[in-house]
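K.L.:
As a plain string of letters, each chain reads:
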Amino acid sequence: GAVVSQHPSWVICKSGTSVKIECRSLDFQATTMFWYRQFPKQSLMLMATSNEGSKATYEQGVEKDKFLINHASLTLSTLTVTSAHPEDSSFYICSAKQTPGRNTIYFGEGSWLTVV
Amino acid sequence: QKEVEQNSGPLSVPEGAIASLNCTYSDRGSQSFFWYRQYSGKSPELIMFIYSNGDKEDGRFTAQLNKASQYVSLLIRDSQPSDSATYLCAASGYSTLTFGKGTMLLVSP
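In order, the protein sequences belong to chains X and R.
Counting in the numbering used here, the first sequence runs from 3 upward without gaps.
Counting in the numbering used here, the second sequence runs from 353 upward without gaps.
Some clues are possibly wrong.
Unchecked claim - Under 7 Å between C-beta atoms, here's a sample of chain R residues computed to sit facing chain X:
hint, residue
1, P396
2, G411
3, T450
4, K453
5, M456
What the hints assert, rightly or not - Restraint ranges, calculated between C-beta atoms of paired labels, are given here:
hint, chain 1, residue 1, chain 2, residue 2, range
6, X, S20, R, A420, 35 to 41 Å
7, R, G406, X, K43, 42 to 48 Å
8, R, G381, X, K16, 44 to 50 Å
Claimed, not checked - Calculated pairs, SDA-like style, for lysine to any residue (alpha carbon to alpha carbon, straight line, at most 25 Å):
hint, chain 1, residue 1, chain 2, residue 2
9, R, K394, X, K57
10, R, K394, X, T77
11, X, K43, R, K408
12, X, K22, R, T376
13, R, K354, X, E65
No wet-lab data here; the hints were simulated from the structure.
All values derive from a computational prediction rather than experimental measurement.
For every residue, glycine included, the Cβ atom is placed at its ideal position computed from N, Cα and C.
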């Protein structure tokens, strides 16, 4: 299957700092990428849908000024958690829709964020 | 609102048995259906996809789709303890993709 790479796999940062997570589709073009957050033992929560070259669409309750999403190319989307706080500690996962294709979604490996 | 429903489980089966995971969806416009497996602490991985009514087999996995009943299922034959995970069902329309909350499967040795 197609490969989606996420970096970093885990990161620890101090409260108040910003953290950037990258999501790359390695062997296909992805006009649409998705960002999820998952707390332990809970289901995936869609944060935003990112379309190449346009502004991301955020889900209700997700602060767009806090979670900055950029999708500058067909193979790269980034999520920046600004002014991170301990409650932002979570597992962040990106996924990419293979284009062309039947909307098959491939997930990155995920990034563990711990804010101390 | 487009919804995908799954029983959260856990579904417990003994090793070697058939595990049956079920999913219903609300959007009749959904065209493609996906099953993902997620181990604890890991991101989901694609197991199977199905587009047409009927069965699709891949190794120990069989996906079944009934569009009239808006029902998708995943059968796992000869279940192994390593199959213990959360299984996510997803339904895709023209421009949408909706995930269920997942069913936890526990396969006991």
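K.L.:
Does each hint fit the structure? Answer for all of them.
P.N.:
Outcome of the hint check:
1. P396: Check passed: Cβ of R:P396 comes within 5 Å of chain X, closer than 7 Å.
2. G411: Since the shortest Cβ distance to chain X is 15 Å, the answer is violated.
3. T450: violated, 9 Å
4. K453: holds, 4 Å
5. M456: It is violated, given that the least Cβ distance between R:M456 and chain X is near 10 Å, above 7 Å.
6. X:S20 with R:A420: 35 to 41 Å: Given about 50 Å between the Cβ atoms, the range is violated.
7. R:G406 with X:K43: 42 to 48 Å: For X:K43 against R:G406, whose Cβ atoms are near 35 Å apart, the range 42 to 48 Å is violated.
8. R:G381 with X:K16: 44 to 50 Å: Roughly 47 Å apart at Cβ, these two residues keep to the hinted range, so it holds.
9. R:K394 with X:K57: violated, 28 Å
10. R:K394 with X:T77: Holds, because 22 Å separates the two Cα atoms, which is no more than 25 Å.
11. X:K43 with R:K408: Violated, at about 30 Å.
12. X:K22 with R:T376: With a Cα-Cα distance of about 36 Å, the restraint between X:K22 and R:T376 is violated, given a limit of 25 Å.
13. R:K354 with X:E65: The hint holds at about 23 Å.
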